[in-house]
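The primary structure of each chain is shown beneath.
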Amino acid sequence: MKKYLSFFKMRLIASLQYRAAALAGLSTQFVWGGMEVLLYRALWSAHPERFPMGAEALAAYIWLQQAFLTFFALWQWDRELAESVRNGTVAYELTRPTDLYGMWFAKSLAQRVSRGLLRCAPVILLGALIPAPWGLRLRVSPAAFGLFLLSTALMLLVVCSMSMLTYALCFFVTDHRGIVTVLTPLADFLGGAIVPLPFLPEGLRRFAELTPFGAMQNVPLRVFGGDLAGAAALRAVGLQVFWAAAMTAAGYALMRAGLRRTVIAGG
Amino acid sequence: MKLYFHYMSLHVRSRMAYKASFLMECLGQMLIGLELILGVYFITERFGSVGGYTLRECALCCGTVLMASSLAECFGRGFDHFSYVLSSARFDRLLVQPRPLVLQVLCTELRLNLVPRVAEAAVMIAWGAGSVRWTAGKAAVLVLMVLGGTSVFFGLFLLSAAMCFYTLESLEVMNIFTDGAREYGKYPFGVYGRGVLWLLTLIVPLALCQHWPLRYLLDRGPAVFGLLPLLAPLFLIPCTLAWRHGVRHYRSTGS
Numbered sequence: 000m001k002k003y004l005s006f007f008k009m010r011l012i013a014s015l016q017y018r019a020a021a022l023a024g025l026s027t028q029f030v031w032g033g034m035e036v037l038l039y040r041a042l043w044s045a046h047p048e049r050f051p052m053g054a055e056a057l058a059a060y061i062w063l064q065q066a067f068l069t070f071f072a073l074w075q076w077d078r079e080l081a082e083s084v085r086n087g088t089v090a091y092e093l094t095r096p097t098d099l100y101g102m103w104f105a106k107s108l109a110q111r112v113s114r115g116l117l118r119c120a121p122v123i124l125l126g127a128l129i130p131a132p133w134g135l136r137l138r139v140s141p142a143a144f145g146l147f148l149l150s151t152a153l154m155l156l157v158v159c160s161m162s163m164l165t166y167a168l169c170f171f172v173t174d175h176r177g178i179v180t181v182l183t184p185l186a187d188f189l190g191g192a193i194v195p196l197p198f199l200p201e202g203l204r205r206f207a208e209l210t211p212f213g214a215m216q217n218v219p220l221r222v223f224g225g226d227l228a229g230a231a232a233l234r235a236v237g238l239q240v241f242w243a244a245a246m247t248a249a250g251y252a253l254m255r256a257g258l259r260r261t262v263i264a265g266g
Numbered sequence: 000m001k002l003y004f005h006y007m008s009l010h011v012r013s014r015m016a017y018k019a020s021f022l023m024e025c026l027g028q029m030l031i032g033l034e035l036i037l038g039v040y041f042i043t044e045r046f047g048s049v050g051g052y053t054l055r056e057c058a059l060c061c062g063t064v065l066m067a068s069s070l071a072e073c074f075g076r077g078f079d080h081f082s083y084v085l086s087s088a089r090f091d092r093l094l095v096q097p098r099p100l101v102l103q104v105l106c107t108e109l110r111l112n113l114v115p116r117v118a119e120a121a122v123m124i125a126w127g128a129g130s131v132r133w134t135a136g137k138a139a140v141l142v143l144m145v146l147g148g149t150s151v152f153f154g155l156f157l158l159s160a161a162m163c164f165y166t167l168e169s170l171e172v173m174n175i176f177t178d179g180a181r182e183y184g185k186y187p188f189g190v191y192g193r194g195v196l197w198l199l200t201l202i203v204p205l206a207l208c209q210h211w212p213l214r215y216l217l218d219r220g221p222a223v224f225g226l227l228p229l230l231a232p233l234f235l236i237p238c239t240l241a242w243r244h245g246v247r248h249y250r251s252t253g254s
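So the sequences go chain by chain: A and B.
Just so you know, we're using numbering that gives the first Met the number 0 here: the first sequence kicks off at 0 and counts up by one.
Just so you know, we're using numbering that gives the first Met the number 0 here: the second sequence kicks off at 0 and counts up by one.
Chain B extracted, bound-state conformation:
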């Protein structure tokens, strides 16, 4: 853990060496989030609501997904960029160092420019929170939604890194679940129909941290729904297994 913080402080300092470029990237990342919510705004303005959810409720939903994905990307970026690590044979170097592999990959990159996006997500949640009658339990559920979502996104990164062992190239397919989930998670997944909802509940459990607990927050579902995000981290188990299998399969790439 100490090692991790050491690496993180190295990343922070190296980023701060180029302040102007860093600020530009922050701005760009914020624009992405802004674009997301603007899209929701124009659609809800025209149609009044989307699948029965108002703009504020969508903002709450959009904010939690954005925050979860940003947090996962901020720390898990090393896995997201794993094809570079592999193709440049840097992975061999990691293998010979006597530290846990996952930790080392985590240390390869820290995306600080996502911090403003997390803040942006917090603003969305705060504004969307106006549509909820809050209790202590509901606040806890909200935190669980973000944490559960982060773990699912992180699992997805791990999975896509594991697939790199076989393809040596990052697969655009995983975009469906990483960038795609962030993009389409701006509306509760139930909007897209039953098929999508069940897929995202049972296979890639993003809906466990979005649609179902949101129903509870908005008093449209039983309290049990609020506990569902606790199940989301289970997704990490198959992802870790895939990663392990990938590491065993690995034969170096180049000199």
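With the rest of the complex left out, here is chain A:
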């Protein structure tokens, strides 16, 4: 466990070096959130009764989505890892006395967490300064906040295990870009990045919530705004646990199978 922690720490420190990039990303996030809010505000002024969730819950969803974008943005792949399978440098990694899966998992987790931590505070702050109901309201009940933290942690596990599953697939297909280009838009849509899931028609929404994509940003963002609460929230968190476990197991098995048949040429 200790060695994974140190991999985690190394990555964290390395990513924290890029502070200028984070600052630049920040303004982007703020503008994107702002445009989204302006759009829904226009919709709200026309038909408030057709909203599936309250304005405040939606605002919380949008601002937190921008703040924690790197936590769940599936398009933020670690190219280094996928490339290492392609060009054979994975051999170096294999000589280390650590489990490859655990090491990569720790790395990708650290990358997401570090990028997110750098960015989230200012976006949250700016979001909170926007007048109600379109600003981020920070007063939440302790229970909801606890659940939010729990589901955020679980979401990170789900996202990373999904990425790991993809990296494991790299051992079989050599060119990962194909999988990535198809998976990313799918995840965006079913995960609620394009339109928050409650805005989808009933049947599609139920389906999306059951998929692993629905166990990502959808849960914590809605828990915070209070849109997802009580038994439904607990069910969603349970589903997160299931997907994290299932995909970790699948990714682990797939990676072992992949490693068994991998032949590294050259010396």
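Worth flagging that the hints you see were computed from the coordinates, not collected in a lab.
Glycine included, each C-beta is placed from N, C-alpha and C at the ideal position.
Among the clues, some could well be false.
[Said to hold, decoys possible] To list a few chain A residues with every Cβ distance to chain B over 12 Å, as calculated: (1) Glu82; (2) Gly87; (3) Pro121; (4) Gly229; (5) Arg259.
[As the list claims (entries may be wrong)] Listed next, the stretches of chain B that the computed footprint assigns to chain A, with coverage defined by at least 3 CB atoms under 8 Å from CB atoms of chain A: (6) 24-33; (7) 36-46; (8) 183-197.
Using the hints, position chain B against chain A.
Quick look at chain B alone, frame taken from chain A:
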């Protein structure tokens, strides 16, 4: 120009060497466009209209912006990827070759996988066209909207490349206007309120190729609005100046 076509044919042939991967990328690009219109679909289905625009009208709008951005990205990708050219010191090589710089950068990459996205945009426009009472003038305006939009997007790429001279890193800030404009251009910019509309009319003139002429197409604005896309290419002037300034500022990056 001959040189350009030569480079382009090289790119085409090199892409065709890996057909499967190329097809996958095409599919991915199409999914992005599909996602865009699906988002519009679910929102308009729930609310009936967005800021007074129906699904078809939004599709027309979304299609023109998607087409303009795809065309600009398809050819201007070299500028979009300029930080790579700079950080790998390939720019030095371009500087010593006796051909126009802009042309050479244009030649560094051609994104053929965007061709399906252009086709997708054409389908959106064709379907959205049902909401317009067409005249020859309006058809011309539509073409102007796409071309004007392409020039603005291209200017944005040029600007972000120019900024790379100072930062050596591509700036995510420019995403606001390139990817962001494509994403939010799916609805007429007027939907987002006056502030945004004026910003996108006067500073980064994307609305000149989207919101205003669209009003004319849908018979909600005077014919003058249809001529506004002609002003959009003026945006290229400050962008070119910035690029030139950047080139003069440039001191090599590495060996």
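Now for the hints, and whether the structure bears them out:
1. Glu82: holds (15 Å)
2. Gly87: The assertion about glycine 87(A) holds, with a minimum of 19 Å to chain B.
3. Pro121: holds (14 Å)
4. Gly229: holds (24 Å)
5. Arg259: holds (25 Å)
6. 24-33: holds (count 7)
7. 36-46: holds (count 7)
8. 183-197: holds (count 6)
Checked against the numbered hints above, the structure breaks none of them.
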